[in-house]
Every structure is written in structure tokens, then in C-alpha cells.
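Q: Those protein sequences? They're chains A and B, same order as listed. The working numbering applies: residue 1 is where the first sequence begins, and numbers increase by one. The working numbering applies: residue 1 is where the second sequence begins, and numbers increase by one.
What the hints contain is simulated information worked out from the structure, not anything from laboratory work. Here the structure is a predicted model, which means the values were calculated and not measured. It is possible that part of the hints are untrue.
Some chain A residues near chain B, calculated using beta-carbon distances under 10 Å [said to hold, decoys possible]: (1) His22; (2) Asp39; (3) Leu109; (4) Leu128.
We put the beta carbon where it would ideally sit given N, CA and C, even for glycine.
The residues making up each chain are set out below.
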Amino acid sequence: MTDWAHVLDELVRVRGQALVRHAYLLTGDVAAAEDLVQDAIVATFTRRSRVRSAEAVEGYVRRAILTTYIDGYRRRRRWRDVAHLFARPDEAHGHDGPVDDRTDVVAALGTLAPRVRACVVLRFYDDLTVADIAAELGLSEGAVKRYLSDGVRALGAALGPVRDDETHTVLERTTR
Amino acid sequence: MSTDLHDLLRSAADGLDPEAPDVSAMSGRIRRRRAVRAGATTAGVLALAGALAITAAELGGVQHRDEPAVQPSAVTLPTAVAGAEPGTCGWEVGAAGADGLAVDGSDATYQLGVQSARPSDPPDTAVRVETQLFGTAATLPRGLGSTYPTAMLTRDGVVVARAQMDAGALGETSPATDHGGAISYGFPLAPVTCGATSSPLPDGTYQLWAVQGVEMGDGERTLLLGGGGDVHVAAGSAATTCGTPVGDLPGSAPGVDVTVHVYYGDLPADLFPDVTNDRSWLAASVSVAPDQEQSVAGSYSGTVYLADASGRIVADGTDPTLGQVVGLYPIGAAGGSNLVTTPQLSNRCDDGKKLAPGTYRSFVVLELDRAGGAPGIEHLVAEGAPVVVGAS
């Protein structure tokens, strides 16, 4: 087995499911998330002539997942991503009780524009700082803050009051 | 009581028990693509003679071209503007205008085909836009009123760069009404941000759309929407495919079986009756299965790519001294089983010189805008037989 094949095997065995969970929050669909992760892994291992370790290559795979998703993953999905922009603000309705339904959360995430959605996932699922998100996505920190503000507001309209926890401090980046 | 977003997302994702990615399937794809990059040929992909079909698993699938790169934060893209007029900076694609004028991307009666071509040569950095307005089921009626088209580059569905066809460049004061088969325009779209400031667009992938107003015979006005194909911007210019790996070509839409025949040199008169064989051409005919003809009705344009032994594109119809020939063709309501691409110059895309003698892999990429489908572009992609260039 070649070196890259060893690394691929370890990456999938140790981090495969975590990558799919991360991609699921972007795509909202498990099958689409699995395909997105596979395409990102293939692209990363194809482009990099040397892959040292699963830990080292995972960052590149995560970057490829984000870029592929934001740049318009699959032609048919682009229209659905654009179609949500037609939604009128007054279509949102309030929720009185606690939100614990995955379907509701994923559906609410699906109303966000791809870059907004990516910022929300990186901030509130991957625990990245604003500066880290800006670096990942090639944006200014001001743009990231704007996207996060838009995303939190939109999720609040769909799910009921949400706490974005400005006091939520990222002490260290944990790998999920 | 408010709900913590952090907990919400964790709860939504961590409760999943997805299947791990398929290592054996990925290994095969990686191995084949690495072989292409290394210049080796793989059995089962090339054929010595005749056309062959290639599945989407062999090509593309990942739309971005380069390693994900961190962009400098100096340029801020325009953001969505609520109530923006269609085609203006910050417009969200598809949204109606303030005056209530509907935006129609349904292709019900007319279809607006949009295609981009690469710039011919530095310092020309603009995207060359071609628009064609077809009748979906019939020819355009005489006297059809129309406006000049506006082309846009978008990110996340928001207009970030735009240009309107310049009537003055045609010496017209208003669009002609005696159009014949189609209304066609070609004009440049500079890859710079619209709005208060004008800065080169950051590197990346954008979508090219266009809007064009038409007035039907009964006086009803509609703004047609077309396009949706990707445009890649690099270093402030519309990026070329010349020199890029074939693995960066887009993947083929699933569910359509495509076969291609690539022609190099002289073109057969029965397929290309308007071409004089006074130079070496590159073109292709594209076939789909008879039971799939209806599924590909719409408008299309095609490009033939030749790749050298290193797997890099050396011919893509662009001659740096002459630009690129583009063509948008309608597919009639009855569909079409044998499409042809616009004849291309067969020279090297980097310096315009004749290809060196040798054998080249050939690929055909068809950009398809399905009539009546969701707005946007799909690709039909297949590999053809190797092209042999002899000594002159």
C-alpha cells in the first residue's frame, strides 16, 4: 500500500464520520454530505503529491469541503441556494417552545446563503474564532461578523430566540 | 428562554451516525487522477479508434480549479440590496423589481442563452459575454420588442459585477425589431466590483447571468433571465483553461449517456456545411441516447479540449492572438441526438502556434441550459478518441 493510501485509510477510519457530520450541517442532507466529503478527499489527495499524516491532511480536506460547497456544489443545488433568497422576511414564524428537532435546525440552516451558513457552522459547531473563519474563507473579519449577525438573526426568526453567546469563549480549537 | 446555537448545531450533527466514506472507491479515483497527472494512460479510458463514453466518475466533480487559497481581505464584495432593480449591483438573482416586473427564467416561450469566452490576450482581462435569445418552440416573431441585455457576475446569488450591452458600439439607438431566428449580442464584462468602488474581483468562481427585456405581441413586458454557468477569475482576469489539468474540467451531469466524435483538421461538410477547410479546425459531434433526447432540449455550447502527455490542456479553442470563437445553439423542442460544437482554432492555446506532432487526449465539454428546467447550467462531458497531429 502506498503512503497516501495509508494516510487515506487512517483519515477515513479516524475522522471520516466527523467530516460527514460537519458537511451535513452545510448541505442539510446526509447523502449530499457523504458525496461532498468524498469529492473533497479525492481532490485533496489528487492535488497533494505528498500527504504526511491524517492529522495534517484533514485541514486541507476541510478547506476543500468549504470551497466546494460555497462555490456551488452540484448544479441543481445552486438554484435551491438562490431560491431561498426569494423568501420574504415576514414568512418566518415564531416558536414558543424549545427547539430540539434536528429537522428544524437543518431546515433553518438551509435558508441561509452558502457563505453565511459556512460562517455559522464554523463559528458555532467548529468553535473557530472570527479571525480563523476569515482566514478559512478568505474574507475580512468585518465580513465574517456581518455574515454571523445575518445568520443568527435569520436562525432566530426561524427557530425562536437563539443565544449566539458572545461570551462563548474558544479556549482552544477542538477537533470534532 | 433562548436556545444556544452552539448546542443546537452540536445536537443536530453529533446525533448522526453516518457511513464513513468509501475508501476503496476513493482510492480508485485518486489513483486514476494521479496517473493522469503523472502522464500515464489508464486502460479502459482510451480507445485506439472510434468514440467512447466516459462516466462522471472519471472527470471533474469538484468545481474549483486551484488549491483553496486564502485571499487578501482588501476587497469587499457588494452585498445584497433589498429592492434592487433586476440586473443592478446587489440584486439577488430572480427577485422581482420594485415596479413588479416579473423575472422569468422558465424558458416557457423564449430562452436566453448566456455563454462566456476567455479574453484573447493581456491586457484584455474582461469576460467575453455572448447572449442569444431563442424562441423555445418557434422562431422569434417579427416586431418582438427587446432591450439590450445586461450581464452579471454573482456570488451566492448576489450581483457583484455587471455590464450592459453598449448600444453605441453597434451604432444603434434602440434594438432592432426584425430579428429573424435569434437576438444575439457579444460584449465585455470587466471582472471588477460594481457599486461605489471598483476593485478587481478576488480570485475564485462566480456565476454568469444575464437579463434581457422582451415585449410580447400583446404588450406584456417580461424580463428574461438566463445563464448560471461558472466563470473563474484569477489575478483580476477571467481565467483561462489553458495549461490547467484535465482533472479540473467539470463533471458530466448524471443520467445522460454521452458519446463524442472529435474532428481535427478538415471538418466533414455534412456536419459543418459553412466551414471552409482552409485551416486546421477542431470540433466535435455529440450524441446522446435516443431515449434521452427530450431531457437535453434547450440551448448549448461546446468546447473541445486537447491535453498533452502531462495531462494539461494545450488546446481549448483560444488563440492568444485571435481570442476564442464561441457559439450558442438552440436545441429544438423535439430534442436532438447529434449536436455539433462551434469549429475552433486547433492551435496551441498558449502561443497560437501549431500543435507539435504527437498524440493528444481529447475531451468535449457541452454547456447545457435545459429549456424549462431550473435556471442554471449543466455539463455533458465525454472523452473522445486520441487526436494524432502529424508533422507538417
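Q: Work down the list of hints and note, for each, if the structure agrees.
A: Now the hints, each set against the structure:
1. Using the Cβ-Cβ criterion of 10 Å, the hint placing histidine 22 of chain A at the interface with chain B is satisfied: the shortest such distance is roughly 7 Å.
2. Here the hint on aspartate 39 of chain A is kept, as its CB sits about 5 Å from the closest CB of chain B, short of 10 Å.
3. Restraint check, leucine 109 of chain A versus chain B: the minimum CB separation of about 8 Å is within 10 Å; hint holds.
4. Given the 10 Å rule on beta carbons, the hint for leucine 128 of chain A is violated: about 12 Å separates it from the nearest Cβ of chain B.
This entry does not satisfy hint 4, going by the numbered hints stated previously; all others are met.
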